[in-house]
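Engineer: UniProt numbering puts the sequence shown at residues 1 to 426.
Be aware that one or more of the hints could be misleading.
Straight-line distance between alpha carbons at most 25 angstroms, and here's what the computed DSS-like set of lysine-lysine pairs gives [stated by the list, open to error]:
| hint | residue 1 | residue 2 |
| --- | --- | --- |
| 1 | K187 | K239 |
| 2 | K417 | K401 |
| 3 | K414 | K401 |
| 4 | K244 | K187 |
| 5 | K104 | K60 |
With beta-carbon atoms standing in for the labels, derived distance ranges [claimed, not checked]:
| hint | residue 1 | residue 2 | range |
| --- | --- | --- | --- |
| 6 | G115 | L52 | 41 to 47 angstroms |
| 7 | Q132 | Y216 | 27 to 33 angstroms |
| 8 | S114 | S422 | 52 to 58 angstroms |
| 9 | M382 | E252 | 43 to 49 angstroms |
| 10 | E388 | A182 | 33 to 39 angstroms |
| 11 | K104 | G249 | 30 to 36 angstroms |
| 12 | E168 | L68 | 53 to 59 angstroms |
| 13 | G245 | H96 | 52 to 58 angstroms |
| 14 | V217 | E122 | 45 to 51 angstroms |
| 15 | I73 | S114 | 29 to 35 angstroms |
Hint data in this document are derived by calculation from the structure and do not stem from the laboratory.
All values derive from a computational prediction rather than experimental measurement.
Backbone N, C-alpha and C fix where the C-beta goes; we use that ideal spot for every residue, glycine too.
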Amino acid sequence: MFSRAIPLAAPRGCARFAQTQQHPQVQIFAKLPSRARIPIQQCTRKRDASTLASAKKLLKESPILFPLASVCILVGLSGLIYLPYYYNTYIVAPYHKFPEPVAKKLRRAIYFSSGSNVDVREANKYFRQGLQIADEIGMDPFSDEIIGVKISIAAMFERVHHYNLAIEVLEIVRQDCFRWVAELGEKHWNDGKRTRVLAKTVALNVKLGELYSNKYVQNEEAAEERLVEAVETILKEKKRREEKGVQAGEGEWMSDEEVGASLETLGHHYEEKNLHYLATPLFLQALALCPLKSCHSIVLMNNLSICLAQQTPPPSSSSSKSFPSDFPSIPPPSRAIIIDQAREWANKALASAASITPPERTEECDIGCAVATHNLGEFAEMNGDIQEARRRFQEAASLAKAVGFTEGEENANKALKRLKDSVNAS
1 MFSRAIPLAA
11 PRGCARFAQT
21 QQHPQVQIFA
31 KLPSRARIPI
41 QQCTRKRDAS
51 TLASAKKLLK
61 ESPILFPLAS
71 VCILVGLSGL
81 IYLPYYYNTY
91 IVAPYHKFPE
101 PVAKKLRRAI
111 YFSSGSNVDV
121 REANKYFRQG
131 LQIADEIGMD
141 PFSDEIIGVK
151 ISIAAMFERV
161 HHYNLAIEVL
171 EIVRQDCFRW
181 VAELGEKHWN
191 DGKRTRVLAK
201 TVALNVKLGE
211 LYSNKYVQNE
221 EAAEERLVEA
231 VETILKEKKR
241 REEKGVQAGE
251 GEWMSDEEVG
261 ASLETLGHHY
271 EEKNLHYLAT
281 PLFLQALALC
291 PLKSCHSIVL
301 MNNLSICLAQ
311 QTPPPSSSSS
321 KSFPSDFPSI
331 PPPSRAIIID
341 QAREWANKAL
351 ASAASITPPE
361 RTEECDIGCA
371 VATHNLGEFA
381 EMNGDIQEAR
391 RRFQEAASLA
401 KAVGFTEGEE
411 NANKALKRLK
421 DSVNAS
């Protein structure tokens with residue numbers, strides 16, 4: 001059956017192919033007319049001209065709606081670009097170390113604790129909810145993140161002038177940190193946690209000293225206690241490391257600048273209480289830790305100069321009670337020697353400021369020069385050298401005016417008036 005069909009189909013197929021070969025294909029596209037190619041730049045110019053003409057036409061037809069629509073489009077595009085950036089930078093990034101349930105509560109807390117419409121009650125509620133969730137899921141209560149949240153609560157209370165509440169929060173955190181160091185610190189030598197938590201106690205003590213000495217609190221005794229505790233903690237840890245060495249993984253202790261800042265804070269506290277004999281060695285040690293080519297060293301030299309000039313021989317009982325145990329005692333010199341030493345420190349401040357050049361030289365150096373010059377005038381006045389005092393005060397007023405130091409200029413002019421009145425009275 002199949003043997004008949006197949007042979008019969010072959011001849012018909014061959015004939016069809018033969019017919020095709022006898023009639024060659026006609027080239028259909030051979031007769032299409034050729035078109036000149038238009039340059040791309042010319043097309044672009046035409047398109048731009050057309051767009052500009054359309055824009056002018058729309059502006060002429062709708063002089064108000066067209067600019068308004070253009071502004072709305074630009075604002076919308078800017079929003080589409082800025083909103084993702086804002087969300088990732090200010091919403092997500094600050095809390096990327098927190099689990100999302102905790103971060104969610106903290107975002108709400110920050111929302112209610114910042115801006116113009118602060119709601120302390122709501123912010124405090126969300127802060128505490130975030131801390132509770134963090135505790136439930138097992139976050140380390142002494143990690144930088146959790147301690148930072150507690151410090152943020154205190155900062156919120158401070159911003160709204162609830163200083164007692166801020167002090168209460170920081171005191172709780174401070175006590176917890178000291179308790180952890182005493183009970184568990186020995187087990188965390190090698191992971192650096194003990195060093196980190198101990199450094200937090202120093203920072204908390206310094207901040208508490210600042211809050212206690214606030215004019216709205218005025219608890220000078222508590223402020224002194226916290227600042228002394230901060231300095232003693234620094235020096236004890238530094239002494240331990242020098243004697244026993246730093247263990248593997250323990251991490252570095254506070255930098256010289258941080259130690260010097262704590263010493264300087266306690267020195268200013270004693271200076272405000274007119275305990276200049278206690279402030280002097282603190283400023284001296286802070287100066288020893290300060291970089292030589294630093295404008296802040298000029299400030300410390302001026303502080304030393306002022307403290308030396310204003311101090312009186314300290315009573316032995318007061319010195320032994322208030323002074324930190326790790327500082328050497330200084331025997332009280334005579335008044336004439338004190339003034340000479342104060343003058344030397346003021347001259348050192350001027351010489352050091354002259355040796356500091358940009359970029360290390362800042363406004364702090366210029367103000368320090370004006371202060372040191374004024375101090376030299378004060379010392380000359382103490383010794384009865386009116387002409388030298390007048391010359392120094394005039395120079396100080398000129399320096400202060402040149403650098404925009406208004407307070408220094410006013411003080412120098414007051415000193416000049418005082419000299420004039422004293423001369424007229426005599």
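Engineer: Of all the hints given earlier, name the ones this structure violates by number, lowest first.
Structural biologist: 5, 10, 13, 14
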